[in-house]
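For the record, the sequence lines run as chains C and X. The working numbering puts the first residue of the first sequence at 1, with every later residue one more than the last. The working numbering puts the first residue of the second sequence at 1001, with every later residue one more than the last.
One or more of the hints may lead you astray.
Said to hold, decoys possible - Straight-line C-alpha distance at most 30 Å; calculated DSS-like pairs for lysine-lysine: (1) K252/C - K215/C; (2) K1054/X - K517/C; (3) K128/C - K517/C; (4) K125/C - K1054/X; (5) K513/C - K1027/X; (6) K510/C - K1054/X.
None of these hints come from the bench; they were simulated from the model. The structure displayed is predicted, hence computed values, not measured ones.
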Amino acid sequence: MIENFDLSLVNWSRAQFALTAIYHWLFVPLTLGLSFILAFMETLYVRTGDEMWKKITKFWMTLFGINFAIGVATGIILEFEFGTNWSNYSWFVGDIFGAPLAVEGIMAFFLESTFVAVMFFGWNKVSKKFHLASTWLVAVGANLSALWILVANAWMENPVGMVFNPDTARNEMNSFSQVIFNPVAVDKFLHTVTSGFVLASVFVIGISSWFLIRKREEMLARKSIYIAGIFGLISALAVAFTGDTSARTLAKVQPVKFAAMEALYEGKTDAGLTVIGALSDNGERIGEKKVHDVKMKIEIPGLLSFMTTGRSDGYVPGLKDLINGNPDRGILSVAEMMERGRYARQVLTDYKVAKELGDNDSMATLAAKFEDTDFIENYFRYFGYSYFEHPWQVIPSVPVIFYAFRVMVGLGFFFILLFILAIWFHRRRTLERNRWFLWLALFSIPLAYLASELGWIVTEMGRQPWIIQNLMPVNVAVSNISAGAVQTTFWLFAVLFTALLTAEISIMVKQIKIGPKH
Amino acid sequence: MRSPGETISMIFRFYYDGFRTMSWWGKRVWVIILVKLFIMFLILRIFFFPDFLKVNFSNDRERGDYVLEQLTGNN
């Protein structure tokens, strides 16, 4: 990796976006999941009238509040970066992003200024049921707020519901429903929020285990572990299920990413899913990209074919098929896509020239092409390929994606086991006796964050070199600014976010040590 | 039925009491929120993150023409 890292504007802009997104995502998933766990706990309080549940709810609400407050608005920095570092991209997608992000902004404002305030200030001031409703609305609202961001992100991976206007050089939404119900958006939303639920469940079980290790707040800890264990197990199974449906969608809309995740170079039927494996450079090259063999492999035969096609003997294209083309399987070569993309770009160039000359007839003829289904489906959809010099440039970093995916999935199954053990030991009333489990649960907290971040690394590194799949590569998206300016803000963000994270951890640790108020 | 004035007064008292009786961690995170928002909007946004197209072009037509040039001229 390091030999490929240069100080160019594109790489610094990418590094800065990655840094801010990774830090932002340290705060978000806990909010998504813990809000629902709180809602369940408070529901138990309202239904049973047991003051213990109120005490438990208020304790976890404190930790929720610390995380929520420190993390709030950290995502806005990403929007700053769009305008400064990624201006071509921002302009190109502006109309598509505008609607979901505006809805998110309005929703977040009302959510944060009203129902979060009732959650924290409303104990004993509003009725129990109104307070409970506010807690549920915060949970639902926080997750719906994430929906709009994920819809925008999904559009970048599968651009739908828009038409390109050559006069303004912008994509304009022509179907809000296609953008919202984009299959990538649906899969992404369900997979992402349920992964947040898993992280929050691991967090609750881990902190509760610490209390049991210290022989403090045993009742709070046991009840919290039980609630989080059940919620976590259901969520982790949902993550596995939505991961499967995501894979099916991914194989259709981002086949290169899918093949890279499996380090699958040669297409095949009866393709097995590699559970464990190590990549080894076999000396072969696709252009300047290394080809890897998967060594020490443990695989489940036919599963990759089944996940992709619904049949264990289905054909899964490899990277060589996708780069060189495979006419028997109806796969276009990247060289052909580059040709088609160049034609689309030539039409756009002709439009620009006609506009400069004031040739209205030519402008009208050329503009009509961008609304013509044949041109859109066969040429404009490959627009971004026109910027490549070599077909191999569309291959992302296979080792990064291959390993990140496996560690993420492995941790996902580890968490399923953790939740089952938590429920099992709780029901047998043996949590305190299994101290190894308590320590394991405590040290699983950072693993949950690791798995969550790795998911985004697979998603975002896997779709390189695209910022918008097939339409715009990252090098076309950047602004014409100095790399030095981006470096400066990169380090400013590194300091700012590290300070925020340090503040969060220190306040949270102090509050955990204090424990619930009696 | 409360009058609008009473409702506004009640909402004000709700927030006022909430902030007044806030716990130590609540006060601390509010300080962090305010410092963070100050740094983000009054330092980073203004001095480090100008909107490239808004700063360099005066209207949407110029911005569109510039991006069109970038899209057609970039290799």
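Each hint, compared with the structure:
For the given pair, K252/C sits about 52 Å from K215/C by alpha-carbon distance, which is inconsistent with the 30 Å threshold. Restraint check for K1054/X and K517/C: the C-alpha separation of about 52 Å exceeds 30 Å, so the hint is violated. Our distance criterion of 30 Å between C-alpha atoms is met by K128/C and K517/C, whose separation comes to about 19 Å. With a C-alpha separation of about 47 Å, the suggested pair K125/C and K1054/X falls outside the 30 Å cut-off, and the hint is violated.
Between the alpha carbons of K513/C and K1027/X the distance comes to roughly 18 Å, so the proposed pair stays at or under 30 Å and holds. Note on K510/C and K1054/X: the hinted pairing is violated, with a Cα-Cα distance of about 45 Å set against a maximum of 30 Å.
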